[in-house]
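Undergrad: Put chains D and B on the given structure of chain C with help from the hints.
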Amino acid sequence: MSYVLAAYTLVLVTLALYALSLEQRRRQLRERLGGARHGPREFRG
Amino acid sequence: MEERIIRSARVLAPLSVVAVLVWLGMVVFVAPPERVQGVVQKILYVHVPCVLPAYLGFILTALGGLGFLLTRREQWDRLAHSGAEVGVVFCSLILLTGPIWAKPVWGHWWVWDLRLTSTLVLWFMYVAYLFLRAFVIGSDPARTLASVYGIVGTAAIPFVYYAVDLARGSTLHPSNPAREGLPGSMAATWIAGTLALLLVFAYLVARRLEIARLEAEALEHAVREPGI
Amino acid sequence: MSGPRVAAAVLAKDLLLDLRSKDRLGHMAVFAALVVVLLSISLPSGTPATRVWIPTLIWVVFLFTSLLGLGRSFQAESEHGAIALLVQAPCDRGWVFLGKAGANLLALLGVEVWTAILCTVFLDIVWAPALPEILGIGLLGAVGLAAVGTLLSAMASSARFREFLLPVLLFPLVLPVLVLASRMTAAALGGDAIPVGWWGWLALYDWVFVLISYFVFEYVLED
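Residue numbers (the numbering used here), protein chains in the order written: chain C, 1 to 45; chain D, 1 to 228; chain B, 1 to 223.
Since the hints were derived computationally from the structure, they do not count as laboratory data.
All clues given are correct.
Pairs of lysine to any residue, SDA-like flavour, derived with a Cα cap of 25 Å:
| hint | chain 1 | residue 1 | chain 2 | residue 2 |
| --- | --- | --- | --- | --- |
| 1 | D | Lys103 | C | Val4 |
| 2 | D | Lys103 | C | Tyr3 |
| 3 | D | Lys103 | C | Thr9 |
| 4 | D | Lys103 | C | Ala6 |
Bound conformation, chain C alone (with noise of 0.2 Å):
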């Protein structure tokens, strides 16, 4: 049974975590060229 909630467990926070990553850092890009370039906009050309 702890097998079971070991894998589980590994699978489902190791795709949280990673996912909070990639949002972390698409936070942080998005916020320095926000600046640059002249006002916000959700997508380029």
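TA: Same frame as chain C, now just chains D and B:
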């Protein structure tokens, strides 16, 4: 096309959350405990669904590389890189959940199952690809060489599969029961898991792609207006 | 200058370089001898259990020795800024690849012969009864390794951590050669017939990767 993929993340995020919840619910309540292995068998519903995303990631890497070599448009390379990064995560999960399942069932951490072993070699190809990108000097050469490696790696896959089968196929290890026709509730749970992780995969690729795109933009701005 | 002539020129130049400086070949020879001796001393002698592993070990020795040589495949060009000259060759870059890979192939064949001699001396391997098969396996194995090795060596030549990168790139791709060649060698030495399928797959591997490398080499030379 890149825009559409990036935009789809907004839809994919809630969709994947729902799909994951449904899948987990089915694992707990719908999937029956198996006769021989007991509750441990339920690892199947998290181990096998990782496979499609892992291989899809590699396909994206290969196709993205091919697209880049043919068109020289960096969109394709960004797709390849995103596919590789997300793919290697899922590939690693297969290699970790496999042993977690194998140990209680068969007593060994590692089993020389054809699929698991081929996945291990695939993992090394992913890692090689990512190291190549990291160590080649200059971003254009890095993209080109990575694209080439993606293509050559893909060509090697059928040979690797054959070789692993040849080398390890004869050992009397119990084969993964995943392919031997599951009864209804098991199949449904397995499909739910595959669907859920595919959606998560798509979401992660979309986000990673956006990051790659933003990084490229940031580089452009730095070049045009140094100091900002 | 036509393609084949460029290839021949590249091959001749590399061959001459190898034979004159004796660095690459010499280092590979010493390395192979070192590893075979290491193995023959530390392996328990003569039990059937150990003997089963020996064909695979021989091919692993060959692989690591080749790595040494392949890693230096583009060293001369890289050091003297001559990669640009290769790029300017007035033909399909693929011919340059064939010339380079050809030179590597000859070097690898030399290593194979040397390793075979070492195995006879130190590991009591008797090659004669299965000689035709052994020659065939040796040739096919060397061609596959030379093709993929030359391509990847070119890719890694200007990268950081080249000595680490090349094996990391190479090993997953060359696994089929290792497996097939080992199994075929084991069968040949054991007096068993080698299934036609094994010959077929190894030959197919060679064909596919020589072709792919030929076509893809121009992208690799760009940097």
